[in-house]
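Model the full structure from these sequences, guided by the hints.
Taken in sequence, the protein lines are chains H and F. So the first sequence is numbered by my numbering: it starts at 1 and just counts up by one. So the second sequence is numbered by my numbering: it starts at 1 and just counts up by one.
Any given hint could turn out to be false.
In silico DSSO-like cross-links for lysine-lysine, where the CA-CA straight-line distance does not exceed 30 Å [unchecked claim]: (1) Lys224(H) to Lys16(F); (2) Lys15(H) to Lys92(H); (3) Lys106(F) to Lys266(H); (4) Lys104(H) to Lys31(H); (5) Lys31(H) to Lys176(H); (6) Lys224(H) to Lys81(H); (7) Lys176(H) to Lys81(H); (8) Lys92(H) to Lys22(H); (9) Lys104(H) to Lys92(H); (10) Lys106(F) to Lys176(H); (11) Lys176(H) to Lys16(F); (12) Lys31(H) to Lys16(F); (13) Lys92(H) to Lys16(F).
Derived by calculation from the structure, the hints in this document are not laboratory data.
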Amino acid sequence: MANVLDLRRRIRSVKNTRQITKAMKMVAAAKLRRSQERAFAARPYARMIASVLASLVRRIDIYDPDTGEAKHPLLESRPEKRVTVVMVTGDKGFAGAFNANVLKATHRFIDERTDVDVDLEIVGRKGIGVLRRSYAPASLAGDGRFAQGPQPRNRGARVEITGEHAGMLDNLTFEKAADLAHILVERYASQETDAVYLVFNEFQSVISQRIVVERILPIVEVGKPDIAGAVELEREQREEIARAAQSAGVSLKAEDTRQADEEASKFGTAQVDYIYEQPPSELMGALLPRYIATQLFHAMLESVAAEHAARMTAMDAATNNASDMIDAYTLTMNRLRQAAITKEIIEIVSGAAAI
Amino acid sequence: MAENNSIRVRLVTPEKIFIDGTADSVSLPSASGYLEVLYAHAPLLAELGPGEVTMRGGDVGDRQLFVAQGFVEVLPDRVTILAESALPPGEINVPEARQQLERGQKMWNDAGDEARLYDEANRVIREAEERIAAAERAGKSG
Numbered sequence: 001m002a003n004v005l006d007l008r009r010r011i012r013s014v015k016n017t018r019q020i021t022k023a024m025k026m027v028a029a030a031k032l033r034r035s036q037e038r039a040f041a042a043r044p045y046a047r048m049i050a051s052v053l054a055s056l057v058r059r060i061d062i063y064d065p066d067t068g069e070a071k072h073p074l075l076e077s078r079p080e081k082r083v084t085v086v087m088v089t090g091d092k093g094f095a096g097a098f099n100a101n102v103l104k105a106t107h108r109f110i111d112e113r114t115d116v117d118v119d120l121e122i123v124g125r126k127g128i129g130v131l132r133r134s135y136a137p138a139s140l141a142g143d144g145r146f147a148q149g150p151q152p153r154n155r156g157a158r159v160e161i162t163g164e165h166a167g168m169l170d171n172l173t174f175e176k177a178a179d180l181a182h183i184l185v186e187r188y189a190s191q192e193t194d195a196v197y198l199v200f201n202e203f204q205s206v207i208s209q210r211i212v213v214e215r216i217l218p219i220v221e222v223g224k225p226d227i228a229g230a231v232e233l234e235r236e237q238r239e240e241i242a243r244a245a246q247s248a249g250v251s252l253k254a255e256d257t258r259q260a261d262e263e264a265s266k267f268g269t270a271q272v273d274y275i276y277e278q279p280p281s282e283l284m285g286a287l288l289p290r291y292i293a294t295q296l297f298h299a300m301l302e303s304v305a306a307e308h309a310a311r312m313t314a315m316d317a318a319t320n321n322a323s324d325m326i327d328a329y330t331l332t333m334n335r336l337r338q339a340a341i342t343k344e345i346i347e348i349v350s351g352a353a354a355i
Numbered sequence: 001m002a003e004n005n006s007i008r009v010r011l012v013t014p015e016k017i018f019i020d021g022t023a024d025s026v027s028l029p030s031a032s033g034y035l036e037v038l039y040a041h042a043p044l045l046a047e048l049g050p051g052e053v054t055m056r057g058g059d060v061g062d063r064q065l066f067v068a069q070g071f072v073e074v075l076p077d078r079v080t081i082l083a084e085s086a087l088p089p090g091e092i093n094v095p096e097a098r099q100q101l102e103r104g105q106k107m108w109n110d111a112g113d114e115a116r117l118y119d120e121a122n123r124v125i126r127e128a129e130e131r132i133a134a135a136e137r138a139g140k141s142g
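Dropping the structure here:
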């Protein structure tokens, strides 16, 4: 059985751990606040792009009246034989089930579509590390690119990794998201892939989060997310996050952006006849890829905020666990000490009685 | 007051709302040339080219910002500019712009027969040239 000295050492070590997890929690909370602000600040632009695009789509014929074909390749739906999945995970661990949840959603997506070829674009070191174990990278064609065009490329397996984007999320800029969007748009336009899905952790506010599988290409309806599947937080998890946020001083409510949102969604939709500086179809051609980039950027910003929230919650739980452990050990230690004292007294008393 | 002659200007980037205020006039680079917007301009929707947005008067003061890639909506009483990037001309990174120019020229040389690649290369070159020109103008006046 452990003696008092051992227990004292143990308590000291757990106290050190608690200090570290507490510090990590506060750091995560600070980062969460910052990333939350960033995600909210980015909303007006996303809304405006969506609304101007929606208004353009209403005004001009996006389908050719004669052939019935879509005038822009990104609006055209095809039967899904080859799809691309963009999965957004984090670069670091210690975030509870954050990365595991996104991975689970991705695995389910892949398992549900057994007759579809899947290309994976992975954002975040954690996702890369895990998926690399199950799937091989796609082989490149001679010119350093994947086979272009509608011809299916030579596949080693049904599911292959076509891109890994580590370290994209810290210091995330719009250009980085736009670069990835550019690749995806190219692939879709050249019919290399028939649909692009985005798997990420959506973050409306600290207590309103969910894992979402969203189809971003083809564009079916502008401004309305095409959700293929979503996993909401369970009540228990929500309460846990709320507790952690409260103790770290992070507000639970989403900022009230309704007014700003409303104003932003008026962009380009006034009931007047606009003069189009460029032909509307040209405007739309420039807008569509940017709309995709905005969606990606936004998903990443939200995922970053969600990751910090998850880390904050995990570290809060760890801190609480450490406190519980310290209490339990202290109790045992005091009991042991008391037992030793009592034993000594008995010895003294019985010794005195014997004289 | 001059209030009825001023227009509301908003410049929004993917990161945040950059400018939200009023101005007497705004000149902007559309993809097909500069335009000057005053109060009661006809409604207009245009793609933004690389160049400088110049605002005069109003509560935003005289300001100049270099923008590249975006859209602008003009209504009689307001202008909304969506730009992928916006920064004061004095802060333009000239060496980087020169690199971009070289990259664009290389793209142009490698484009082969594809018109699309030429367009892309031309766009990169134009943006880089505008960037360098704007930085030089800022350098002279400052």
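These are the hints, each one checked on the structure:
no. : hint                   : result
1   : Lys224(H) to Lys16(F)  : holds, 22 Å
2   : Lys15(H) to Lys92(H)   : holds, 24 Å
3   : Lys106(F) to Lys266(H) : violated, 41 Å
4   : Lys104(H) to Lys31(H)  : holds, 25 Å
5   : Lys31(H) to Lys176(H)  : holds, 20 Å
6   : Lys224(H) to Lys81(H)  : holds, 24 Å
7   : Lys176(H) to Lys81(H)  : holds, 28 Å
8   : Lys92(H) to Lys22(H)   : holds, 17 Å
9   : Lys104(H) to Lys92(H)  : holds, 17 Å
10  : Lys106(F) to Lys176(H) : holds, 21 Å
11  : Lys176(H) to Lys16(F)  : holds, 16 Å
12  : Lys31(H) to Lys16(F)   : holds, 18 Å
13  : Lys92(H) to Lys16(F)   : holds, 26 Å
In this structure, the one hint that does not hold is number 3.
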